[in-house]
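One-letter residues, chain by chain:
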Amino acid sequence: MRRLQSTEAVIAVVLILAMVLIGLVNPAFWGVGNLFSLAKSNVIIGIMALGVLLVMISGGIDVSFPAIAAAALYITVRTMVTLDYDGVLLPFMAACVIGVGLGAFNAFIIDRFKMIPLIVTLGTASIVRGLVLGLLGTSIVNINKMPHGLIAFGSQDIAAATASNGANVGLTAMVLVYGAIALVIHFVLRHTMTGRSVYAYGGDPEAARRAGVNTRRTIYFVYCTAGLLAGFAGLLHSSMIWQANPRDFVGLELDVIAAVVLGGASIFGGRGSVLGTMIGVFTLVMVKNSLILMKVDTTWQRVVVGAIIILATAITAWRDRKKLA
Amino acid sequence: MTAKAENKPFFRRLLGEDASIIQLGVITLAIFVLMSAMNPDKFLRYYNFESITYVMPELGILSIAMMVAMLTGGIDLSIVGIANLAAITAGIYFRHPAVAEAIAAGGAGVVLHTIMGVLIALTVGLSAGLLNGILISRLRIIPILATLGTGQVFAGLALVLTGGPAIVGFPQTWNWLGTGKLLGIAAPFWVLIVVAAIVAILLRRTHLGVNLMLIGTNARAAVFAGIRSSRMILYSYALTGVMAAIAGILLSGRTNSAKADFGASYLLQAVLIAVLGGTNPAGGKGKVLGVLLALVALMFLSSGMQMMRTSNFMIDAVWGGFLVLVIAINYLRSRK
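Protein sequence lines, in the order shown, are assigned to chains D and X. Numbers 518 to 842, taken from my numbering, label the letters of the first sequence in order. Numbers 31 to 366, taken from my numbering, label the letters of the second sequence in order.
Hint data in this document are derived by calculation from the structure and do not stem from the laboratory. Here a beta-carbon is modelled for each residue, glycine too, at the ideal position from N, C-alpha and C. Don't take each hint at face value.
Listed below are the simulated DSSO-like cross-link pairs for lysine-lysine, each with C-alpha atoms no more than 30 Å apart in a straight line [to be verified]: (1) X/Lys211 - X/Lys315; (2) X/Lys211 - D/Lys631; (3) D/Lys557 - D/Lys812; (4) X/Lys317 - X/Lys211; (5) D/Lys812 - D/Lys631; (6) X/Lys317 - D/Lys631.
In silico contact screen, one side only, chain D against chain X (beta carbon under 10 Å); selected entries [said to hold, decoys possible]: (7) Ala611; (8) Cys613; (9) Phe630; (10) Ala642; (11) Ser643; (12) Arg646; (13) Trp817; (14) Ala824.
Label pairs and their in silico Cβ distance ranges [unchecked claim]: (15) D/Arg764 - X/Ile228: 34 to 44 Å; (16) X/Met337 - D/Leu534: 51 to 61 Å; (17) X/Met338 - D/Phe704: 50 to 60 Å; (18) X/Tyr123 - D/Val542: 45 to 55 Å; (19) D/Ile758 - X/Met146: 39 to 49 Å; (20) X/Ala60 - D/Arg733: 39 to 49 Å; (21) X/Met146 - D/Gly618: 32 to 42 Å; (22) X/Gly193 - D/Phe704: 22 to 32 Å; (23) X/Ile359 - D/Leu541: 31 to 41 Å; (24) X/Gly193 - D/Arg764: 47 to 57 Å; (25) D/Trp759 - X/Arg339: 33 to 43 Å; (26) X/Ile359 - D/Gly618: 17 to 27 Å; (27) D/Arg734 - X/Asp71: 50 to 60 Å.
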């Protein structure tokens, strides 16, 4: 019975109701092609959301991850093009290293100068975007120049089906990558000392410190992991859409934060789960994608996303109201 | 002996209370000297300073608005959305056939309709600010998320109203607000001075200002002191919304257009200027004078760098670097 009252269950019910509603308005929602493309749209936002989840559990907020992701993908792909290198493993490692490095920079400022994460990450986002666009330029690496290895990696499918209009549609294999990452994060958060210390730090930093949590290590772990996931997701995105755009992901922070909050994480820290976040991401992506299916004008998208943020935060604020009293 | 005793507290007060202002003055002066030295024949021209007085006000008013939101430990991420929505609503009013006809006819009608447009924009700003205030003070949503959400809604509504492209064709009187001159000084600069003076008086000399500082310093103590916190916070966000609308009027007046995604980089810059101006983002501390000094410093910096043909992207990076630097300086100073 308690399972049914958990935050995840509530969001799942909301999600199912939304799916039924959208399906009633437009049955095309349940088409294989639409479902596969929905799953695909979850991958990148989902991986980034897992990083943001960690940050939010620790009581912080990160708005620099889209800039980090864009930097990691653009630096990596441009280097590959220059060196005429065509591999997969090494570039992904490079993107992860760039992400971890920039995440460590965030952690350093937040930990060393005791500054509010929002303001620090606003600053680093501006630095990273400015430097990438200013030093490397703004030209997009298109499919004709994209390394073939990356394209081949990003376009693998695990299942194929024939849509009602006769087109062949595939389910991207990247959902497996997303699932694997989610499992790892879930395991770390639930079953390791590092994961528990993130919850403890988010619940009450001072109490966590007195209980023996190494707060500095916790902060570095949180922001470095968020950077790592952003860097990885950036290059994965690039290999899935077959181009590298240094201006990619502008404004994505809002969607991802909305999804994580929708998934039940509390901005006060100490609360949040991987499953809830994944459901939150799925709900947000589905609503955005389905606005078109429901014949809503695309200009309304931002209003809907904003309304979702307000609604989700109002509900979590109501849930957490005792903390404020 | 007595003179010493009198002098010391005064000196200490000067250093203790106004050290941040002095530090800012020094930074501003240093940037001014540096930029003058690097662009010897361009920077010190009258034209350069004149053009700064046209560009500066909209950002300055947004920064003061951000400072007011930060006084209670909050933040307002929706100010740019409010500014654009206010300008666009006014633009749509001017587009209305009856209004457009009256404006084309000239005469007193133009001024009257411009005043109506300003009132409409300010009402939009006030309503948006009240919405933020209600979400934050009544529903107890944390300011970052509440204004993140409303910012999306405002920008989204602006997009819905315009359908994407910019709204053009504001009346000339409206453009005068952004490009005109009064007594030899830029009209928008006058607006900045008036807004800054009003907010400074509000914060230093009224109940509202003192209460806001107290709420920001210690929210719980403020409640026990009998302050109606939620009402005060509601007022502060309403004020922020109105100021954002004023900035929107100036921006649309200067560019003769209004668009849903104008001035996106202003958000970071407003946060930066507020923090640089000695505002404590955790609440309780903030001065209009500090914000104005920081604004001037950054205006000198970006105009000087533009003269050196630095790319706009690099200027963005420098602004971000500056923010991090100021955070570090403030931290090191506060530890002393």
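Verification of the supplied hints:
{"no.": "1", "hint": "X/Lys211 - X/Lys315", "in the structure": "violated, 34 Å"}
{"no.": "2", "hint": "X/Lys211 - D/Lys631", "in the structure": "violated, 45 Å"}
{"no.": "3", "hint": "D/Lys557 - D/Lys812", "in the structure": "holds, 22 Å"}
{"no.": "4", "hint": "X/Lys317 - X/Lys211", "in the structure": "holds, 28 Å"}
{"no.": "5", "hint": "D/Lys812 - D/Lys631", "in the structure": "violated, 48 Å"}
{"no.": "6", "hint": "X/Lys317 - D/Lys631", "in the structure": "holds, 22 Å"}
{"no.": "7", "hint": "Ala611", "in the structure": "violated, 22 Å"}
{"no.": "8", "hint": "Cys613", "in the structure": "violated, 23 Å"}
{"no.": "9", "hint": "Phe630", "in the structure": "holds, 4 Å"}
{"no.": "10", "hint": "Ala642", "in the structure": "holds, 7 Å"}
{"no.": "11", "hint": "Ser643", "in the structure": "holds, 3 Å"}
{"no.": "12", "hint": "Arg646", "in the structure": "holds, 7 Å"}
{"no.": "13", "hint": "Trp817", "in the structure": "holds, 6 Å"}
{"no.": "14", "hint": "Ala824", "in the structure": "holds, 6 Å"}
{"no.": "15", "hint": "D/Arg764 - X/Ile228: 34 to 44 Å", "in the structure": "holds, 39 Å"}
{"no.": "16", "hint": "X/Met337 - D/Leu534: 51 to 61 Å", "in the structure": "holds, 59 Å"}
{"no.": "17", "hint": "X/Met338 - D/Phe704: 50 to 60 Å", "in the structure": "holds, 52 Å"}
{"no.": "18", "hint": "X/Tyr123 - D/Val542: 45 to 55 Å", "in the structure": "violated, 35 Å"}
{"no.": "19", "hint": "D/Ile758 - X/Met146: 39 to 49 Å", "in the structure": "holds, 48 Å"}
{"no.": "20", "hint": "X/Ala60 - D/Arg733: 39 to 49 Å", "in the structure": "violated, 33 Å"}
{"no.": "21", "hint": "X/Met146 - D/Gly618: 32 to 42 Å", "in the structure": "violated, 54 Å"}
{"no.": "22", "hint": "X/Gly193 - D/Phe704: 22 to 32 Å", "in the structure": "violated, 48 Å"}
{"no.": "23", "hint": "X/Ile359 - D/Leu541: 31 to 41 Å", "in the structure": "violated, 59 Å"}
{"no.": "24", "hint": "X/Gly193 - D/Arg764: 47 to 57 Å", "in the structure": "violated, 23 Å"}
{"no.": "25", "hint": "D/Trp759 - X/Arg339: 33 to 43 Å", "in the structure": "holds, 35 Å"}
{"no.": "26", "hint": "X/Ile359 - D/Gly618: 17 to 27 Å", "in the structure": "holds, 24 Å"}
{"no.": "27", "hint": "D/Arg734 - X/Asp71: 50 to 60 Å", "in the structure": "holds, 54 Å"}
Violation of the numbered hints given earlier is confined to hints 1, 2, 5, 7, 8, 18, 20, 21, 22, 23, 24; the remaining hints are satisfied by the structure.
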